[in-house]
Amino acid sequence: MSNQDTEKQEFNITVYTENQIGLLNRIAIIFTRRKINIDSLNTSPSEIESIHRFNIVITESEDVVRKLTRQIEKQVEVLKVYYHTNADVIWQELALYKVSTDVIAEKVSVERLLRENGARVVVLRKDYTVFETTGHREETDNLIAILQPYGLIEFVRSARVAIIKDSEGFNSKLREFERLEPGEDVIENEYLNKGQKVFSM
Amino acid sequence: MEVAQQEVLTTPAAKEAVEVSGSVALLEALITEGVDTIFGYPGGAIMPIYDALYDYKEKLNHILVRHEQGGIHAGQGYARTSGKVGVVFATSGPGATNLVTGLADAQIDSTPLVCITGQVFAHLLGTDAFQETDVINITTPVTKWNYQVTDANEIPEVIAKAFYIAKSGRPGPVLIDITKNAQIQKFDYKGYVKCNHIRSYRPKPIVRHQYIEEAAALINQAKKPFVLWGQGVILGSAEQEFKAFIEKSGIPSAWTILGAGAIPTDHPLNVGMLGMHGNYGPNVLTNDCDVLIAIGMRFDDRVTGRLDKYAKQAQVIHLDIDPAEIDKNVKTTVPVWGDCKETLPLLTTLVDKKEHTEWLKLFNEYTQKEVDAVIHTELNPTSEEMTMGEVIKQLNELTNGDAVIVTDVGQHQMVACRYAQFNKTRSNVTSGGLGTMGFALPAAIGAKFGALERDVVAIIGDGGFQMTLQELGTIMQTGIDVKIIILNNRFLGMVRQWQELFNERRYSFVDIQSPDFVALAAAYRIAGKCINNREELVPTLKEMMAHKGSYLLEVMVTKENNVFPMVPQGCSVSEIRLK
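Going down the list, the sequences are from chains A and B. So the first sequence is residues 22 to 222, counted in this note's numbering. So the second sequence is residues 820 to 1398, counted in this note's numbering.
FYI, nobody ran anything at the bench for these hints, they're computed from the structure. Any given hint might turn out to be false.
[To be verified] Only some residues are given here: those of chain A computed to face chain B with a beta carbon under 7 Å:
id, residue
1, Glu39
2, Asn40
3, Gly43
Since we're looking at a predicted model, the values are computed, not measured. Yeah, the Cβ is synthetic: ideal placement off N, Cα and C, and Gly gets one too.
Here chain B stands alone, though its shape is the one from the complex (with noise of 0.2 Å):
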């Protein structure tokens, strides 16, 4: 395509229409979206779209990743850092359906994409063609809104409609499958236009003010009022409402692990982490206080344990965008419908201004307490081997916790999410919902594409590193920095936890062996070390910062540790164990 036509293009809704193919209107789409940078991986059903991007290189900075699972886990990183929608590519067939993990992570999680497969001709669709999958029904369970362009005339609208739907209301995953007829065929393109209403479809719901009063005078007369929060805070930008919210009303405050970081670790308001490995006081006190508001939450089993056993003497306020979490797992006294940007200010505004000195204080005990059994001693080990708590310790104290800190899944994550210092908002990326090991790695490098001005740390454990360790040659070839911290414990630690404690430590298929991550990392051309002993913990760790470029610190932990606090499955969130 020549720069003059291009010019005409990038106008939104030019005048006169012109000739141009699908392959163009969607890469003109994704400019005036906003888009600079997306995750894929050619493929024939997608090459005509590769094509057109060979033009688009200055404006959109494509990353070829090695495997389609890989790039949409980086989409999802960008988003979680940037805010701003992922995008990702991926061909037909194979391609898409390496998506499919990525995609019920990010439905789950709420995280805003828009994929675009290739498909094969429309001609062909249903013939068993050459690596055709039926893409839309495969993925729509896991994705907010799917659907088919099999002309090139839809291209714009589908495309407007893809982005409003994905970073409207609650965000979700949306998949555009287009067939290599429609990227291909010429039609009078004639501009694009953003999508801002679809008539089905109600991305939030009106605030009603009567509950907002309601909502305020149960909060007024509350002696033990318990706030929970969530992403839905990160998500609608209302980390400044929420605090406004918690400091006015005085009312002691508790994370699920996506809401980390929503107000700084060390806020005194800030009493720890909900869940099964979550702090002491907020699971054992959200079966004391009179009053539990849930804001941008939906009260997860990880997070409630024991339904019929949670909080049942408390009256439940949920503020919520999404009215079907509203009674789905507990049962609401007053649900706050909304935006929380929108309804935090409202109930702001009602409450009164309180100090619940005496409850804080039970919070605080309780944090002694687990200081006291748990966690003195996982950041300050007396053992020969290192915990990892206590790298996570460290790394604190040379992040300042400014870093953007990404997890895998398992023993670490745990331990990452406990023990990380969060300064900043949009710094903890991790797999919350769906629990996806191999998650970290890819999601690094995307997350360092949404924030290139922030230090990003991955936090990986030798197993889940083992599920996406190709995207190395994402790093080595895009030349990101990112610094990757291996947890080796020689296990997958947390099955192998479960294992001990409730399979009589008939330790199933949890020993895993790992390849010599330092050489494989050189093999990448990314500089590395293994250390094994604490006294090179610090300098190591000073060095991975300091490292311009790339840098996998592997860090060889105990063996055999476990995570606590703990609740077990089936247990009250009050029943959790110390040890």
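With the rest of the complex left out, here is chain A (with noise of 0.2 Å):
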């Protein structure tokens, strides 16, 4: 086995899925069972109408990512699973940050430094305001060290959505997957945008 096969990083999980109740408990406890914690989890419905995409970020090696998608794509509802580094892909998480307007409004160096970080006002008021910011990781965190001193008063921050850099689409992802893997991908592809047309519920 290579070491790029052992060595842990971190990993992009694409799994798209039916909208059914209990599936995230029935994705989520693949990983539990492992004792492997789910770093970043993100869901929401994709541009196929009643297909849901998860974005879950693991740190981990391949060889374990690998057998992990194998027991996703396994579950009933699941349609298909992709795993990438974080080279393949190109992602962003969302934070917003509250600070008191009183201090914003006094000192100055905060707005340019807010300028700086590519932060945009979302909310302005007379007690507080709200910004948000998107980046990486150290971008976000790096704003709360900046913010900390000017009483940062709440801060909350999205897990990780993530494009995938070669993908042309789900579509045509399945095609490629069906040319390495086994699968009824191209004859289930038919249905994909279909909807009612096949036994679903």
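Put the two chains together into one complex; each comes in its own frame, and the hints tell you how they fit.
Listed below in structure tokens is the structure:
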């Protein structure tokens, strides 16, 4: 087994699923059963109607990640699973920062710092102001450090969302996987955009 | 319900909608799926279904078990011998949680089941209502699929899906939780349509001819090829295809315990059992073969022993229907994805007709060593006390290897699997992956209902029998004919064996006392006898097999006998010990 197979690194796991109650648990326990921590998890509707997309980030070896993806893909309501290293994806996290408006107003330097960090004002009220920024973990972390001395009241960060660099959309990716791995993907693929025309619930 | 209305309902996809309850729709679905037997236990949250069942007694044979765990193991036994989906009913809360062991067992052994649990009214979900448990989340890790129905309109479609998922691809247990309101609710029933497609679910991968060709090329150049087969051959009904493959290629073949019986025990290419207590040759020669061909098996740790010393010299061909099994434990050279019923004939066409005489002879030499060191003494003991092996040997002679043998878990299980003669497929019912003590008695009941024309013999230890002995009540009430042999060594034998070998004979809580099993059987109006002498063995076995109805035979065997050969934990298969 090569080093690349056994060395731990961040992997972005993309899962296309039906929108089904309980599926989140079914997917989560595949990780927890093996005592693998989920670093970040985002789930939302995909570009295809009624199909949801999970973005899951874990730190593991490729060998483990490959086995995990096969276990996830085995679930009845999972359509397809991909995994990518950070180099293969473009990703962002969204962060919100609440600070006292008085402090911001007094200290002009804060505004400059915010501009330098690409932050935008989302809400401006008499008592507080909410800034928003997107970026990698280091960038959003950096802004916390900058705002901390000025009385950061509250902070929240979203899970990671990632776009696959070489993806030509879900449908074409399915065909590519069909060449490498088993599955009736090409046949399945025809149904993907047709919603209720096939047996589903 | 009136009879006339029932006739309308039984027609699949009735043209006009009929107003029925969710419970009736469920039972109609079961009938359309070909279900004839249900193992179950009623309770508050499943009462509407049981009320509907009252009118379906003629069509659906409901077996009242004594505990839900017994119900699900019976369902498993039924599925194993019949090849059909086992159906189990249980109520909410404790009824449902009692299914968990059986679900885990069915999940790891790929047994098709559809379990229906009652649930509290939908409006009470999450209120800690009486007998409410979160069955869906409890059972998620141990089911292939599960779903909670809260509206009767969902029932036909969900049940169709449940059966399709349970039996297709790699089979497994499905649990459907139905809230009480959905069971009662009347809705416009438009008939039942079987499911044959779910867009997100691919039961079996497409067969790739490239891999078949690569596999055939490897097999054709192999000097010492070795086949390992598992339950996949039986689940895929590919016994004939498997036999044709090994007979043409002339490859020695060994089985995992769930694969036992796919080809007869005495087939010349059947070289025996794999794994921790398997045969000597198959274990040692795993580390000598040049091409290892695994068919419908999953390289369980009890089969492989220490993985980093497992068949490292061999090129591995793995035929499996479940892509997640490929490369999971053992790195594959050629993965042959697909249902072996389809892939084996393709492979058979491409392999050369061969006889590996010298290689097969090597297996036979190892067999002889094992006979000399272990088997002869086990089957023909000179000791005063009886051995488990001689009981199995005598049983073989009486059944001619035609009986269904159901085993529990422990020493007797290993002995029975090693020595029982299997002439037919679907003859070995045991808890393989989960190792569930208490499995055998209820599973034997189900196995008999699944194969009424066959003799069913349950072989159980004195420990395991006491875990589910309440199912003697089920035997009594149904009058089903199950032969029970308790091999009583007055110990929890397998744990004792390990304590003897690895814990310096520190026998920690393995000394188990038993009740008078024959008196217990008599209390359930089941005939029985306890024997202590060798002279009684054959006559009593004959009496048991000839007896009309169930019979419990307790055989007192050597207290401190060990099962050998043995691959100690953490050792390589080639480090197998004969003593």
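Quick rundown of the hints versus the structure:
no.: 1; hint: Glu39; result: holds, 5 Å
no.: 2; hint: Asn40; result: violated, 11 Å
no.: 3; hint: Gly43; result: holds, 6 Å
The structure fails hint 2 only (numbered hints given earlier).
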